[in-house]
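*Asks:* Spelled out from the first residue to the last, the chains are:
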Amino acid sequence: MSALPIADTAPLLELRGITKRYRMGDSNVHALQEVDLAIARNEYVAFIGPSGSGKTTLMNIVGCLDRPSGGRYFLNGKNVEELDDTQLARIRNREIGFVFQNFNLLGRADALHNVMQPLVYRGTPLRERRRLATEALQRVGLGQRLDHLPNQLSGGQRQRVAIARALVGSPSILLADEPTGNLDSSTAQEIMAMFAALHSAGNTIVLVTHDAEVAAHAHRTITLRDGRVIADSRRAEPGTT
Amino acid sequence: MMQLLEAARAAWNAIRAHLLRAALTVLGMVIGVAAVIVVVAVLHGFAHTITSQFKSLGSNGLIIVPYETQRAELAGIQARLTPGDLIAIRRQVRGIQDVVPVLPMARFGGSVRFGNHSTDSSITATTPAFARGGVQYPVQGRFIVPGDDATRRPVAVIGDAVIKNLGLPDHPDGHYVQMFGTWFKVVGVLNKLGTLLGVLNQDNQIYIPFETGVSLSGRSTPPDIIIQLQVSRAQAIALVEARITRVLRERHHLQPAQGNDFKIQSSGELIKALTKVFNIITLVVAAIVGIALLVGGVGIMNVLLVSVTERTREIGVLKSLGATRGDILLQFILEALLLSMLGALIGLFLGWGLSTLVAHLVPALAAARVPAWIVALALGFTAAVGLIFGIAPAAKAAALDPIDALRYE
Ligand SMILES: Nc1ncnc2c1ncn2[C@@H]1O[C@H](COP(=O)(O)OP(=O)(O)O)[C@@H](O)[C@H]1O
Ligand SMILES: [Mg+2]
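As they're listed, the protein sequences go chains A and B. Mapping of the first sequence onto the working numbering: residues 1 to 241, in sequence order. Mapping of the second sequence onto the working numbering: residues 1001 to 1409, in sequence order.
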């Protein structure tokens, strides 16, 4: 495993010796083993690896959806280990924006209310929520689809709603797990272009994919195999601002 | 506060998504609340009707009835009030008026005939002052007059139902009906009272002069009567009761150790007794309804538990967006609360509608009233049940692990 020197002074997040075990009957599944990792602000990182290599598990830990079995995780200098469930929820709400392969929109809520939802949990007043959500949807090109329900939108549009929802609270980091996995190639291209634009606008992005072509959009590629980081490479000219 | 509003909105959206299922879920609540509203409203109506009838008897009214202690009954002594007692009370007790003997000729129905029709009516012998109570009065012809009594005339004042049962003409004055083997001339028709408690027809009544009744009941045993009277001044009721007690005990040769063989009831006491009965009925109904509501609560809990499973993924998504356990808990408890309140509201309207219907069908019922306290109680209790039975599903939802919930298929 290669630990490259980190350019930024303080990393946005830092993982040290992170392991994740699942008990399956009598045996242990080692989903992650001794992962060391640091990601700086405004990096565009891809986790790549074959299916079952631990990408999603790693992303869930980074996103504070899951807790590691061992190791330490610092996010924005905070030791995540010490936080209780409510504080983790608060971090997910303020620091993390998730984008899932299957969109995971709220089926009964229209685009606008899907995007407003994260702001509910931080107590943003209704008018402000509406304004921020409308802006976020405009940014992903769905300003005309505010009142559409998820089942009235195409796959690409749904994923854009999901991206708007992930972005609406201005999180520190955007985590996307196989975001193009359920999309046709031209729609996938659109979504990848959107991530590139978001990165240029200063967002920190972690992309999970098994597809090298998709991973090529990122500026840094972290390769996983059997729960271990086996490669960590940067493109020659990182497009940081 | 905003969090609460948002949770309520989310809860409402979830309910709205399956409105029919929600309606079926809260059926228990609907029936429970409707039942309590109907019963209380109808009982209230009855209580109101009956109390107002007793009130028209006068709050100063006393009724003296024979009363057998158990011991006397065992000894074969039959308590009686006789015309002699009536005369003694009239003569010896001051401060009273309208002392009326009531002689039930056939308490549970005596046979009456007109032409080839016959019917069973409640037949009572009494004196003219009976009509002064104001409950029963003639709407056609006249009531019994002193002359009827003095000369033991065979005349009868009849109720509305008797006219119908015997096929008498609408204006039956002057026609003759046969009772106790004697022909009685109909001289008056009584006001309509309607049906009491839906079964007891109060208009199947016949009144004849007291002395006529006494002579008919034969010479061998003195007739067994009830005495009604009015006390002139409300403050004197206790005093009058004491005087009557003294007079009657003396006349009945009761030893100091013996209890009274009669009972003095005031109309106030009767109302009290009646109120007690109504309260007991209300309590029993409340208990049954309480059980119905609990069953309704269990229904809501079950549906919500299923719903939590169905919406596992949605809960996972909400958690990924930053919902805390508390946020999820609140949303599902509010969902239970809203569901139960929905049931209560439907039940309220249903109950109100039904009791209005009952009031229309039963004329004796002045008007079914839905008192505010029962509405408040029903809503409050339903809300409490919703809250309590919402806890388990809400706790289940809140406790879901975000990863497991997101992976749930
Ligand atoms: N909840 C779980 N229980 C048991 N094993 C799990 C669970 N989640 C993941 N795993 C295992 O952990 C390993 C990594 O899974 P995952 O992170 O989903 O891989 P990837 O996203 O790279 O396909 C796999 O072997 C998977 O079977
Ligand atoms: Mg995966």
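Read the hints as simulated data drawn from the structure, not as lab findings. Treat the numbers as computed from the prediction; the structure is a model and nothing was measured. Note that CB positions come from ideal geometry on N, CA and C, so glycine has one too. Keep in mind that the hints are not guaranteed to be accurate.
[Said to hold, decoys possible] For the chain B half of the interface with chain A, some residues (derived, Cβ under 8 Å), not all of them:
| id | residue |
| --- | --- |
| 1 | E1006 |
| 2 | A1008 |
| 3 | N1013 |
| 4 | I1264 |
| 5 | S1266 |
| 6 | T1312 |
| 7 | E1314 |
| 8 | V1317 |
| 9 | K1319 |
| 10 | L1321 |
[What the hints assert, rightly or not] Partial selection, computed: residues in chain B whose CB lies under 10 Å from chain A:
| id | residue |
| --- | --- |
| 11 | A1007 |
| 12 | R1016 |
| 13 | P1138 |
| 14 | R1142 |
| 15 | R1233 |
| 16 | A1234 |
| 17 | S1320 |
| 18 | G1322 |
[Claimed, not checked] What follows is a list of derived Cβ distance ranges for each label pair:
| id | chain 1 | residue 1 | chain 2 | residue 2 | range |
| --- | --- | --- | --- | --- | --- |
| 19 | A | A216 | B | D1404 | 25 to 35 Å |
| 20 | B | Q1003 | A | A231 | 10 to 20 Å |
| 21 | B | D1404 | A | I230 | 54 to 64 Å |
| 22 | B | D1404 | A | D211 | 48 to 58 Å |
| 23 | A | E128 | B | A1287 | 44 to 54 Å |
| 24 | B | N1302 | A | N102 | 28 to 38 Å |
| 25 | A | G107 | B | A1395 | 18 to 28 Å |
| 26 | A | N76 | B | A1372 | 50 to 60 Å |
| 27 | A | Q152 | B | L1387 | 31 to 41 Å |
*Asks:* Hint by hint, note whether the structure agrees.
*Replies:* Cross-check of the supplied hints:
| no. | hint | in the structure |
| --- | --- | --- |
| 1 | E1006 | holds (5 Å) |
| 2 | A1008 | violated (12 Å) |
| 3 | N1013 | holds (5 Å) |
| 4 | I1264 | violated (71 Å) |
| 5 | S1266 | violated (65 Å) |
| 6 | T1312 | violated (12 Å) |
| 7 | E1314 | holds (6 Å) |
| 8 | V1317 | holds (5 Å) |
| 9 | K1319 | holds (7 Å) |
| 10 | L1321 | holds (4 Å) |
| 11 | A1007 | holds (9 Å) |
| 12 | R1016 | holds (8 Å) |
| 13 | P1138 | violated (71 Å) |
| 14 | R1142 | violated (76 Å) |
| 15 | R1233 | violated (70 Å) |
| 16 | A1234 | violated (65 Å) |
| 17 | S1320 | holds (5 Å) |
| 18 | G1322 | holds (2 Å) |
| 19 | A:A216 / B:D1404: 25 to 35 Å | holds (33 Å) |
| 20 | B:Q1003 / A:A231: 10 to 20 Å | violated (45 Å) |
| 21 | B:D1404 / A:I230: 54 to 64 Å | violated (29 Å) |
| 22 | B:D1404 / A:D211: 48 to 58 Å | violated (27 Å) |
| 23 | A:E128 / B:A1287: 44 to 54 Å | holds (51 Å) |
| 24 | B:N1302 / A:N102: 28 to 38 Å | holds (29 Å) |
| 25 | A:G107 / B:A1395: 18 to 28 Å | holds (24 Å) |
| 26 | A:N76 / B:A1372: 50 to 60 Å | holds (57 Å) |
| 27 | A:Q152 / B:L1387: 31 to 41 Å | holds (36 Å) |
Comparing the model with each earlier hint shows violations of hints 2, 4, 5, 6, 13, 14, 15, 16, 20, 21 and 22; every other hint is respected.
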